[in-house]
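Turn these sequences into a full structure, and let the hints guide you.
Heads up: the sequence shown begins at 1 in this note's numbering, then just goes up one per residue.
With a cut-off of at most 35 Å between alpha-carbon atoms, the simulated DSBU-like pairs for lysine-lysine come out as follows:
| id | residue 1 | residue 2 |
| --- | --- | --- |
| 1 | Lys359 | Lys287 |
| 2 | Lys206 | Lys359 |
| 3 | Lys410 | Lys444 |
| 4 | Lys321 | Lys444 |
| 5 | Lys243 | Lys147 |
| 6 | Lys184 | Lys538 |
To be clear, the hints were calculated from the coordinates, so they are not data collected in a lab.
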Amino acid sequence: MENTKTTSLELGGANSSRENAALSQSVWDLMKENSQARRPEPRTLAFAGQPLQSDLSVRITMASVPSEARQEHKHGHDHKHSHDELSSSPFLVAAKRRKGEETPKEEDEEDEKETADEEDAHHEHEGDDDDDEDKDKDSTHDPKTDKPDANPLPNSKLFFGSLHGHSVYSDGMCKPKELYQSAKDQKLDFVAVTDHSHKSARRGVKPDNPRFEEEAKHPLLTDVPQAYAETVHIAKQSTQDGKFVAIVGVELGTIGKPGSPDKAGVNHINILEVDALIQTTKGREKKTDVEVPAELQSFARPDVVKVKDGDYKALVERLDKMTDSTGGRPVIQLNHPRFREDEHEKHAPEVRGRDYGQKSFSSQEEWVQRFGKYASQLEILSGEALRQKPTGEFKSHAIHATDFAGYLDKGLHLSPTFGRDSHYCDADGVAAATGIMAEKLDKKSIMDALRERRTMATMNSDALAGYMVMNGRHVMGSIVDEKDAPDVHVSVTINSQIHPDAKYTAILWADKNIGDGQLAQKVQTINITGQDLLNRDKQVKFHGVDHIAGNKSAFYVEVQRKSEGATKSVRMWTAPVWVEPNVGESNADKMDRLRGVTPNRATPPEQPLAKPNDSSKPPKDKPQEEQKSILGYFKWLFGW
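Next comes the structure, spelled out in structure tokens:
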């Protein structure tokens with residue numbers, strides 16, 4: 001195929017010298033990228049006028065692959081409220097799950113009946129995801145052999161565990177030490193104990209429930225804060241660098257009914273690894289005098305930070321003055337989301353969009369900026385929180401793929417997780433897991449990876465796990481300035497067990513205009529067998545995807561694995577990579593530092609901006625000369 005060159009340039013006529021100089025700088029950056037790339041494949045460059053803040057504007061679209069190789073799948077159905085097919089996979093029982101052995105579903109009708117009422121009270125927020133059968137005529141993997149993308153963080157690996165669970169100090173059944181030991185016994189790499197921090201935490205636990213008697217022997221976290229200090233102490237004792245990390249957190253807030261005018265009760269969040277006990281309150285609460293048990297008297301009472309239930313703006317103001325146990329920014333996980341219910345059109349506009357404290361801020365933009373600074377994860381998979389014997393199977397209400405896409409479109413930078421939300425002495429007990437991509441298995445590395453959103457969520461960590469890379473150098477979780485990503489190429493690497501006869505479906509999701517109310521859509525779907533995946537070094541590459549300069553975009557991958565004879569698929573989701581304007585620090589430089597490499601990229605010569613206008617002297621505008629210099633560069637570059 002012959003190389004093609006398509007270029008058009010439109011410049012407004014009445015622009016200041018400063019604007020034209022800024023355009024010169026932008027074009028210089030673009031042309032330098034093009035001239036230094038030296039890529040053998042065809043390259044298309046296009047400029048077209050597009051109104052922005054003035055009549056001077058440029059829209060840039062670049063692609064380094066032939067146009068016919070950059071086809072996106074089209075949908076014949078509305079994608080706003082229907083995010084994906086909601087099939088799920090059986091889990092492995094805890095005793096067998098790390099060996100990759102599939103076991104039949106375990107049913108416990110008596111246990112299900114016992115906990116049904118409590119589940120309604122505890123998870124009344126959880127709605128069913130709409131069944132969305134994939135209607136694409138999926139493309140097959142390009143048979144052409146291609147060199148796989150390398151891991152931008154070659155010394156890192158995925159560590160598996162859960163970031164959500166409860167002890168006897170709220171509404172769980174075992175003490176923190178037993179939960180951490182349970183996680184070690186199950187060969188998890190990390191687990192978090194995140195007890196509720198409000199006084200009604202045990203509401204719904206009835207006398208005939210196995211937890212009731214055990215909880216009666218221990219105080220609530222909020223009545224005796226020394227229990228939180230003990231949990232912190234036990235976590236330090238339980239952590240073994242290189243082997244296991246014990247995480248401490250609190251689950252904040254209560255669950256309100258969607259569409260309710262009540263300002264309180266706006267869903268749960270986990271705050272991880274802060275020394276102070278953060279507690280939510282409802283108005284004036286009676287002071288409870290609870291005797292400190294003998295086993296807790298040796299622990300100093302921690303600082304207690306009280307926040308009114310639902311007032312997440314007040315929470316953020318406190319977090320702005322705090323760090324976590326590793327000295328970094330505190331991390332928030334959004335638990336069991338319910339975006340579709342919270343935004344449902346049946347609710348009055350003034351009561352929509354309340355979850356996670358949105359209404360406590362003066363605007364949506366302030367919520368995204370201030371709360372979003374700490375919100376790093378969202379539970380795309382919720383565990384069987386109140387089942388004493390988990391079946392290991394996800395029902396539709398426990399899969400939050402649409403909710404994940406909804407909060408991405410709101411502007412939050414979130415990576416997907418699995419939350420076991422255990423209440424019965426079993427820290428996990430299922431094959432699902434959160435995968436955290438970190439260089440070391442220690443507290444600081446894990447928390448840094450959470451802050452950088454380097455997570456993925458899987459229904460079965462043995463059968464399906466992996467990570468995504470964009471353009472060969474930006475690992476999942478990265479926020480990339482659009483100057484560092486003139487085009488988008490995505491690959492996903494599967495580093496779990498691969499059976500040659502298994503069938504894999506890799507789906508590239510993209511929200512190309514964050515904030516427009518349209519959720520992420522499938523842009524490419526690739527079907528591949530396990531054998532083909534092995535032949536390609538366990539990696540699937542997607543064709544190049546265009547994105548519009550000036551838009552905020554997010555790209556992430558879902559992979560489905562179906563074994564021969566299975567009726568349902570195992571599924572996993574990677575964290576997105578975001579492409580945005582004016583990010584600031586180059587993500588490429590950041591990745592280099594994480595790898596221990598000193599950035600050494602050439603910079604374009606400085607282009608002086610016009611001096612500020614002097615009111616006594618009208619500005620001297622030379623648009624024609626500016627255009628000539630830019631067009632001259634085009635002529636030199638393309639040999640016109």
